[in-house]
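K.L.:
For reference, the chains in residue letters:
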Amino acid sequence: MKRAGFENIWLPVALLLPQLMIIAIFFYWPAGWALQSSFFLQDPFGFGSTFVGAENYTSLLGNDQYKRVAGFTIIYSVLVTFFSLAIALLLAVKADKVIRGAKTYRTLLMWVYAIAPPVAGFLGILFFDQSTGPMTKFFQMFGWDFKLGVDYNATATAMIIVAVWKQIPVNFIFFLSGLQSIPRSVREAAMIDNRSATGRFWEVTFPLLAPTAFFLLIINITYALFDTFGIIDALMKGEPGNNPMTLVYKVYLDGFRGNDLGGSSAQSVVLMVLVLILTVFQFRLVERRIHYT
Amino acid sequence: MAQVSLEGIRKVYPNGFQAVETTSFTIQDGEFVVLVGPSGCGKSTLLRMIAGLEDITEGTLKIGDRVVNDVDPADRDIAMVFQNYALYPHMTVRKNIGYGLKNRGTSTSEIDAKVQDAAKMLNLTEYLDRKPAQLSGGQRQRVAMGRAVVRDPSLFLFDEPLSNLDAKLRNQMRIEIKALQRRLGTTAVYVTHDQVEAMTMADRIIVLNAGRIEQIGTPSEIYHNPASTFVASFMGAPPMNLIDAQVEQGQVKINGYEGLMPASASNTGPVTLGIRPEDVVLDEQGAVPFRVDILEELGAHRLLHGDLGGQSFTVLIGKDHAAEIGETRVRLKPDALRLFDVESGKVL
Amino acid sequence: MADTTLETPVTVHRPRRIKWEAIGDHTILILGALLMMLPPLLALTTASHDAVTIHREGLQLTLGDDLGKNFNAAMFEKGGFTQTVDGTLMLMNSFILGIGFAVGKIVISMMAAYAIVYFRLRFATLAFWVIFTTLLLPLEVRILPSYEAIQKLGLTNTYTGLIVPLIASATGTFFFRQFFMSVPEELAEAARIDGAGPWKFFIDILVPLSRTMIAAIFIIMFVFGWNQYLWPTLITTDESFFTLVRGIKQIVLSYTDSQIPEHGQALALAIVAMIPPVAIVVFFQNWFVKGLTESDK
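Order-wise, the sequence lines are chains A, B and C. Per the working numbering, numbering of the first sequence is gapless, rising by one per residue and ending at 279. Per the working numbering, numbering of the second sequence is gapless, rising by one per residue and ending at 335. Per the working numbering, numbering of the third sequence is gapless, rising by one per residue and ending at 308.
FYI, nobody ran anything at the bench for these hints, they're computed from the structure. Among the hints, a few may not be true.
[What the hints assert, rightly or not] Derived lysine-lysine pairs resembling BS3-like cross-links, with alpha carbons at most 30 Å apart: (1) K83/A - K118/B; (2) K301/C - K89/A; (3) K82/B - K155/B.
Computed from a predicted structure; not experimentally measured.
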């Protein structure tokens, strides 16, 4: 709050009211409702519900399919995060270094940010098309009979590649702006101190980029967990079958297609806890983040 | 230690801007040379070319006997202190100072010893394990110095190292840097826009203007015998008085007042006359009338600003001299008068 | 000090090495740019071919003759399951969602941030936490209960139901709070001395001062709203409320289900879905980058 705060009472209340109301109706009420219904077993035909305690949770943990989805989610998040960060960092370092055409490169590398995930997924379908897709042909050169939507590993590979592709621009933008905020003189001092460009990158530039990288790590995990829904939905072409999926997709599938409200709510709560852990982790990092001046 | 020589050095940026015109000079072994000039005069570009941070468009740069035009900054055996210190924010003071040594394959024990020595010399011993963000401006400045000193380089480069400090600290560091350089005997090139720093620290000053060298000389030469009106007005505070005058019949005249000094007949015509404010004496018998408009009390001195023959003019007098606002007359010390060409501004 | 122990007799010729380095850098950047550019560009070239060609041969590198025809059909021929929607209607819905979401979010979060930062309120801290807890749980996590809530309120298949729940998160409020905190204290004090009340100060000084911030946030929020998929998929079952991105699902289904799929049209529609957000990001690049890098941190 500002030192010279206004003393008025009704104006701030009126200003806050719209936000608070929207949050109450569309955030707290549903979140509370999810928590509550995760302890009930909903009758599939809508005739009331029975309190079942933690049964929805325990049956979740005993469910092999759920475990498999959780396992895939972890692998998927790790790979998407790693590759999109690594590729973006490489491109950002180069874009920061070149003198000619830096702005053009920046534009060309970032505009994919604006493409919607399901549209990206749709492009993926064309590239990984079973008979005509260029990526399919590429994998066939290595003897992999790539069948999108049929073969589990093939679908998973396609999902990861599209998700990485879609996330490179965001990481690129953040890395580039991080690099550009490193004072020029610090890099010059490093040039005098260290003749090896690789050494300078890992010992000076990269540590100074660490806050950005930590921040992006969280952003990317969140992205892989939640924002890739459209990519996954498009690439499995609406037929879950034997296809890989993430936890969020399963919440959607069980809740909206399977009508298992209790189980789906329990899954929602598990996800909420997961996000909370991530957030706490993030805040801890931000707190510990070295404040360079 | 090393001598640095620039032979026909020139810098043109890719956009066509010529930052430094063809320039040659030699810096002697152990000499402290200050590059001074207004911002944009090319002094930093010159320094950065010596450091290897900027490509040299034309000419040859030698440090010692070695041509270093194409040598990496890290291999030029130099150390540089930057305006904003450019400390590595993620490293402790100890690591900051030792980083350059580490990269040259110096053994850990030797690094430790050298860092300790440098820290002791700069009163940094108790801060060795802190990060730069935990230090004051003056301490950061010392760390930057330590980083330069510890390398035992053959050449120190300073890029306006004191301009981020407050006035008091600046005076103190000025003396310390100069003393340190004397003690180590390392050749130093120091860039500043502050003429006081230039005057007090330099063995020799190079005054630059618009990418061109105006004058090279000792502080005393620069002060007393400026090569151009630019140097005359840039160096010294208050600056040298520069007024329009005429040379007629071997005599300098201001608005018809004569008896100032004899001048060579070859300069007959209009000239710019320069005289330092302290070389003007208030004298009722003086040759030229002077009207005092404003009296500035400086403690040890007084500055009288006013009008001499229709042009603004400043006189500096000691605190013991009486002065008051109004008409008086002044005498100009003849041997302190300097004449400059009206067109080129060069000394005659 | 006799430092003639020059570590290495250096014979590196710098200019030449820099040249090679630069070529390597540009090569990597060009490859990267191609990686990012090729998929959407191939979509465009492919969209210019007729359905049979695309079906048999897949992606096309060259421009065909059917670009106009495909776009025309995608935009103006009624399709979908109910045969009542065309591309133009979906485009309009996308704009309603994108602009409605961005404007709504900016207005509501600026007001809330102003109240939190500039007033001495006893419950300011409480309001702060109530609002910022929402940062913890993205809509995707609470998708099912949120859907239930909308259904109970009878807001399915309405623009309100489509837009408002998306606004129920504090990202914008958080951003404006950060920005207002960075505005010098003296500004409010000066305004008070000049006789401006809290409302006048907000409208006459703070809002104009936030112009670039508002523009930056608008771009990000517009793209975010335009690209929403999961929420519109759940909330709009009536095809007259479909956005382009929501309609992608239908495109994908048509791509697999129909016997002679209209690939060209589907691609044309996908391209229309890309153009507005891409254009706004490219044209207002500097604001966009500023908003992105400063808001999320």
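K.L.:
Which of the listed hints are not met by the structure?
P.N.:
Nothing - there is no hint that the structure violates, so all of them hold.
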